[in-house]
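Here's the letter readout for the chains.
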Amino acid sequence: MAEAPARPADELDLQAANGSPARIGRPVLRYGGADRTTGAQRFVADLSFPGASQVALVTIPVGCAEIVGVDSSQARRVPGVLDVVTAAELPSPMPRFGPSHQDRPVLAAGGVNFHGEPVAAVVAETTDAAQAAARLMRVDFRELPGVYTLDAALAPGAHLVHDPSIRPGDPRAERNVLEDALYTWGDVAEAQAHTDVVVEHDYTFPMVTHFPIEPGGTVVVPTEQGGLDVYSPVQHPYLLQRTIASVIGLPLNQVRVFAPDPGGAFGGKQNPKLEPLMAFIALRMRRACRLVLSLEETFHAMRRAGCRIRARTGFTRDGELTFHEVHADYQIGAYADVAPRVMAKGSYVAAGPYRIPAVRIAARAVMTNTTPSTAFRGFGSPQVAWATESQLDAGARLLGLDGLEIRRRNLVARGEAFVRGASAARADGEWRESLEKAAELVGWGEPLAPNRGRGIAVGIKPGATSGLSQSLVRLLCDGSAIVYAGTSDMGQGARTLWQQIVAEELGTPIDRVSVISGDTGTVPFDLQTSASRSTVFMGSAVLEACRDVRRRVLELYAETTGVPAEELDEAPGALITPDGRLSLPEAAREALGTLRGEFIGQGTRRLRGKGDHPLGGDAAFYEFNATAIEVEVDRETGELLLTKHVSVSDVGTELNALQVVSQDEGAAIMGLGHSQMEQLLLDEHGRIRNLGALDYRIPTFNDVPLELVTAAVENHDGPGPYGSKGISEGALLCTAGALGAAVAQATGVVIRDLPLTPERVWAALRDAEARSRADAELRSAP
Amino acid sequence: MTRYYRPSSTADALSALAAEGGGARALVGGTDLLVGLRHHTIEPTLVVDLKAIADLPEPIAVGDGGIRVGPTLTMGELAAHPVVRRRYPALVEAALTVGSVAIRNRASLVGNACNGSPAADTVPALLVHDASIAIASRAGERTVPLHDFFLGPRRTLCGPDELVTRIDLPRPPDGFGSAFRRLTRRRGVDLATVSVAAGVDRDGRVVLGLGAVGPRPLRTELDAPFDAADVPGLVRALDERLEIATPISDIRGSREYRHAMVRVLARRAILAAADRRTSGEMAA
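Residue numbers (the numbering used here), protein chains in the order written: chain A, 804 to 1585; chain B, 1117 to 1400.
Bound conformation, chain B alone (with noise of 0.2 Å):
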């Protein structure tokens, strides 16, 4: 059977997972745990709910170089956050794709994020965003850029003695916008077929976000910089450029449906990414 436990420090919460020996399992908003519980495909031998502890990073900071999300942020407060909206607009778009609205309230953008999942709605837009990792172990933090933290699926650089702590999102450039697009069965809650996030900046350098492609999350650039009048070239340097993705088929989609999709939706998150380096406002 399953022990629960809730710390009040992260130093109790470290030697809790560290003493389990991997069998161990963090709790913030239990978005993946609680399904993997209820279907035991996962069976821990303790769960560490991070919720009481006092000495975590508060859930969000917000500073002239960028904002800092702590492991008890929820979707829904990242998506009603102003700065977080007039920032990183395509992170709130991703956050609200997350379940319903009662999910969202309970949801952990750390948990969801970092939980290694190569369909986490959330990463994408972190990666666009130039996301990075704190890592607390007993031996102390470490900080590590999203784009290296996910090894394959449910594989990340985050131990198993180990707790993510705190997402760090730099500030972007004046004039970078960004966009985030994903693809479902349905449009209700659903879990996403393909996902891009895209971020284009005043000179029109192009980043993308990928989920759902691969074994991991995918991060790359264009070479060419963005050109509105010339979307047949974007086509084909998208076209290029996303072969990196290595999509499977499953229940959700076929491998050819996604490396099809993976296309178009990094086309369409691309060009409204560029539309708001001036308006600077999101889709509703």
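The shape of chain A in the complex, shown without the other chains (with noise of 0.2 Å):
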């Protein structure tokens, strides 16, 4: 269904004609760029769904309560509503359903574990009697004294925000605390005795949410076969798929899920969250249900996990880490979701991409009456990021090095480990380039101006430990193909590399390569679209069902020429035969003769994980990213100036060089985000009191650097085809720690709590200088 038309050749910056393997690293134009554009893509809410009910959510003001009872008799009065659905409603006990965990309801049961959690669904003929039949609902409720904050789920004697019950056998259950990790490796305690200078300090990061200009929605349609068509602009359509059939009780080909493009999704749209109740109304209802989200309910929906970290590093004279301590805890929300993964994954890397003999990290995720955190780009990294990227500056000040030569004496060299010990990871890319280029871009030695201030970074995160893609290539008897991929396309462009692919391999042009993904029952499976995975993991497959389609090429064209199959050869975009090189479209066309037909190719990339390793197996590549930052600060009112911007990523090879350009300004500029602006607000009850767009600020065009500046390493030693690495993420990993370095620099303080905002800056310089008076008049004093 989310078949986009090919684009026409003259928009395409295309060297089909010459066969080169030029379309590799082109900066093809993006597969349905002009349809985002202009607006006539169509997302979820623009289906059209005749005859469908519509459903609005009901919640209750308050982050934790227990319900006493639903009164929907006012409701039930709107002219068109047509049912209210509540936990009575609903399967006893209740369903619950996770990626990793079975906690989450498919509506709150009993009780309600955070803000906007719905408590009843109004179902209507039209969206605005269900809304306002939603607003007429009665809900009874008794507030209980429930944890918004890390200190209060942390507390002895805290309210637990899941009742032992349902998590059964665990011996963390009387607790807050969900999972936890360690990683350790030397020996801290005798590391500290050749250690010259320690700084320990207290870290914030905030929680954040992903904001995502298509807030999404869902539409359940029963089949006349008993099934049931799923809309959801998912990023992972068949985990949708098997989630639904395992809570309704049905087979996996009953459950169809067409997964429109997620208009923006950055890991919020990964697992399901209310398309379960969306199938009980409809199996209800009997009719095709639909509820499309506002912004403000994608709030309630996902964010990222608030972190607080304490870190404690020694540094020799020479400014090499001897040991590097970390504790971290993840404020992951009232539902596991991915979470407990990502403080587990993003504390795997919290020693940074350097060479520290002795490490130890505990990471816990905290369990608290707030909207559940979920997958975010960067995935647990910039949390711990933040923390060690700023250690290191500390360390640089108090030794008199600068933040590029501290890091040049620590980073891991490539094949050197930077996690020891049974499980460790190396680098597997010459991380140091990525980190020159980048000061040489920001022009680091140059004499700065007044208030200026410069600071540089670097980041990694662990790609897909484990995965699973498969595709199908046709090749069409007049030389156009059709790609069979379930990538989601939320805006990185998965469709067009896909394309360039087909177009490189079979030499097909880029315009008639057509792609289908985002339907369960017509394009083979993929585990997710997640962890900067699908260049590798699908892009590989597509590879492989290309390569497939040429050995059955050169099998057919044998057949029905008579040339024997080993005086054939095939290479990219070509069949070698004895008389010479045929096009494979034309070789094709040949060996299908006058009954035409098509060729099928299938491909597969499969990365099985390891059961002993922490993560449940290596990382199939790391993203490491540089990012440098020039600022400049108004002193008085602590506003920051960003005069230069420069992200460095290491990617092994473009393959479309205007995509890689883009994803890098589009995670710089998201990085700034958490860095300088962005932050979920509580009240005492739990509530966000920045609730929205009006006051909750993400960076706008008018808030990028003034000069922002991408440039990629490129050495082809990625696992993806032609030696690609994922490079989705990259450049938001270490933004906040750049940017922190170089207010610090700026202004001759330190702020270790994200986000840089003004206030906060005005108020640390504020604090500053009443301290610096202080000492000045202690010192006068008699």
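Some clues are possibly wrong.
[Unchecked claim] Away from chain B, derived, C-beta distances all over 12 Å, residues of chain A: (1) V1464; (2) M1480; (3) A1496.
[Stated by the list, open to error] FRET-style restraints, in silico, Cβ to Cβ: (4) I1367/B <-> G972/A: 39 to 45 Å; (5) G960/A <-> I1158/B: 55 to 61 Å; (6) G1412/A <-> E1372/B: 50 to 56 Å; (7) T1161/B <-> E1487/A: 32 to 38 Å; (8) V1217/B <-> D931/A: 29 to 35 Å; (9) Y1120/B <-> L1497/A: 21 to 27 Å.
[Claimed, not checked] Not everything, but these chain A residues come out facing chain B in the computed CB check (under 10 Å): (10) D999; (11) E1003; (12) R1115; (13) T1440; (14) L1497; (15) P1561.
Just so you know, these hints were derived from the structure itself, not from any lab. Even glycine gets a Cβ: it sits at the ideal position worked out from N, Cα and C.
Using the hints, put the two standalone chains together into the complex.
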């Protein structure tokens, strides 16, 4: 269903005629990009479902409460209202689901665990009627002493977010710690013996929301065969299919997920949330049911885990790291979702890409009565990178080194371990090149104007540790091709890469390659669109499918023409015959003959995990980024003006230079959000105070640095097609660290809490001035 | 459910407002009203759209004595008007901070300024330029100084059965300079944390308009004339005079931050306004 029309050739930067491998790496324009730009693209809310009933959710204005009763009598009187669904209308006990912990109820049962958790749903003929009725629902509740902060959740006798009964056999069930992780190597005590300088500080990283421009929604349509068609702009259609099948009790072939392109997702649309509820409602109503979310409702559906980090770090007087201790508490929210893994995978790289003899990382996933946190670009890494990168700079300042030099002295070389021990992780790139390039591009050594400062930081993020992508490629008799690939195209441009790979491998012009995705009924299995994996995993599957097609063309060509197969060979875009080189589409046409038909190639890329690895397997690749920022600080107001922002990523091979730049720029700007302005603020009832676009601010184009420069280091050393790596998250991993160091240099004041809002910078400067005045008075006192 | 009415005369509009007994709201650009409707913080029984009324004052009338602005002049038109740009630079700067280009092409100066928001961006500049307001009711029309118009948050002298039909701006005396400064949480579209407009005349008389630092926009003057050679003296004078600000702490900023920022912005606005007295040039 998400088949975008192929673009006309005149839009493309094509070199199709010469058959050179130039299609890879070219800045080919985005497949479907014109539709996105003009508004012609149809997102889930734009799809028409004649006769569908409309659903509105009912919530209560507190974050933690026991539901005493629900009175729907007034709501039911609104003309057009068809039904009101509460826990009483759903199976008992309430079905629960989740990617790792089956803890999320289909609908709040008995109590509400976070502000915005739906208590009931109103079904009506129109959206207006459903929403008007939802406002007339009377929910009688008793507020409970919910835990909304890490301190409250970890306090002795704290309210338990989850009743121990839904954590059977869990020794931590009497606490709000859902999971923890411990990574250690070397001997910290021994390392302290040859340490000259120790820095120890606390850092905080705010809870932030994904803010996809398309809020999304779900439509569920019961089929005549007793199955369900589920429409949702989800990143993992096959996971949603399995979840619905399991919660409802249907075979997989009776659940067909249509996944229209998400209009931005950033990890927030990976895991099922309201789809199971919508499936139950549609079955109950025996008709299509449609829910379109508001932006405000997405605040209640997704966010990044906030984090508090205590870090203690030792250096020699030469600036070499001797030890690094990290304690990180991730504030994950009311249900597990994928947050325990965010905690475990993020903290795994909490020592950064450095050579450190002794490390101790202890991390916890702490539940609170807040929006369940989930995957979000960077997956737990930006939180710990903020602390670790700031520690490097704290050490550098004490030792009289600069931010570049201290990183040069500690960054691992290719093949060197930055995580040691049984499950070591080694640098899979020439990371120093990115660091040096970022320094060069920002003008690291140049003199600074007054009130300006520069900072440089690096970040790493493990890619997928297991995966499976399957693809089909059909080469049709006229030389055009159709790719079936289950990757969700949420703005990263996956489909464009599949076009480029097919063009490269089969010699088909790019404008004659179309891509079908977003339909579990027609497209083969893909585990996930996450962790910047698709280029590597699905890209490899598409590549293999193309090569399968080439082999089949060769075989049939031999059979049709009588040329012995052993005298034939195939190459990208071509069949090599004893008489010379034939373009592959031409060879295919000849092989197919008058019956025509087509070639169907199949490709699979599978990465099995390792049972004994703390992450479930080695990462397929690491994203590495170096970011350097120059900032000008208005000392009177605390406002920051970013005069230059440089992001350099280690990309392996750029399959599409334009898309690499787009991803880097997008991630860099998004990183400025949590670094400068974004934070979810809660009141004493656990309600989000800045709920919605008016008071939750994300960067706009006016907030983009005066100069935003991105560059890529290409060493063709990735595991993906043509040596590529995933690249979609790198540029936000260490934005905060680079900005924090730049502000510290500009002002002489170090701030360890994000975001660096004007008021926070102003307050830090004011406090520092007050301290220095007090010091001066003390000194001048008799 | 809210009903919608698009009258063609001021009399019809006023009758409709009166008939609803306080339940009706006037609509021009909708910058405030539509946000409230969407979030159900305002649930009027009737929305009276003024854009089809034939006998309202024209969008903008320029005379020797000043300009008169009707309800349908948009922020975009205001900011592009050559006479406005020449005479009222602070107002142009303020109008250009309202929303985005698309919003400014819809937003009404009268609607945005006269809705009673303590943070309305254009009000400090209108105060500095000594604006007055024409209020129409079925009994007739009256004119009040803008300075007296605001009573408190969302409370003004315009009753529920009345309409603001005009803002009058006298022509500034020769050699008058004005400027607007605003602090926000980001550089893109945002609501003001603090806003200040300043006017300085040929003799150095300083007038200030202050936004988002009290329950209503404030207008004040400094006792001593501006002296470019004595900025420390200006800072002291502002410190004392700006005690009239009574900001609150909210999601956009704390009380103490606003107290500090209104002083910083006032000083900057005054210096910029004083500079413009001779050059007459606006910052880009």
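Comparing the hints with the structure gives:
With 12 Å as the threshold on Cβ separation, the claim that V1464/A sits away from chain B holds: the shortest Cβ distance comes to roughly 22 Å. A beta-carbon of chain B is positioned within 12 Å of the beta-carbon of M1480/A; the least distance is around 5 Å. The claim that A1496/A is not at the interface with chain B is violated, since a C-beta of that chain comes within 12 Å of its own (minimum 9 Å). For the pair I1367/B and G972/A, the beta carbons lie near 43 Å from each other, so the given range of 39 to 45 Å is met.
The given range of 55 to 61 Å is broken by G960/A and I1158/B, whose C-beta atoms sit roughly 43 Å from each other. Range check, G1412/A to E1372/B: about 53 Å between beta-carbon atoms, so the 50 to 56 Å window is met. About 35 Å separates the C-beta atoms of T1161/B and E1487/A, a value consistent with the hinted range of 32 to 38 Å. Taking the beta carbon of each, V1217/B and D931/A are about 30 Å apart, inside 29 to 35 Å as hinted.
Between Y1120/B and L1497/A, the C-beta spacing of about 24 Å keeps the proposed range 21 to 27 Å intact. The interface hint given for D999/A is violated, since its Cβ lies 40 Å from the closest Cβ of chain B, which is over the 10 Å cut-off. Hint status for E1003/A: violated, given a least beta-carbon distance of 29 Å to chain B, over 10 Å. Hint on R1115/A is violated. Least Cβ distance to chain B is approximately 32 Å, over the 10 Å limit.
Here the hint on T1440/A is kept, as its CB sits about 6 Å from the closest CB of chain B, short of 10 Å. For L1497/A, the interface hint holds, since its Cβ comes within 10 Å of a Cβ in chain B; the closest pair sits about 7 Å apart. Evaluation of the P1561/A hint against chain B yields a held restraint, the C-beta minimum of about 7 Å falling below 10 Å.
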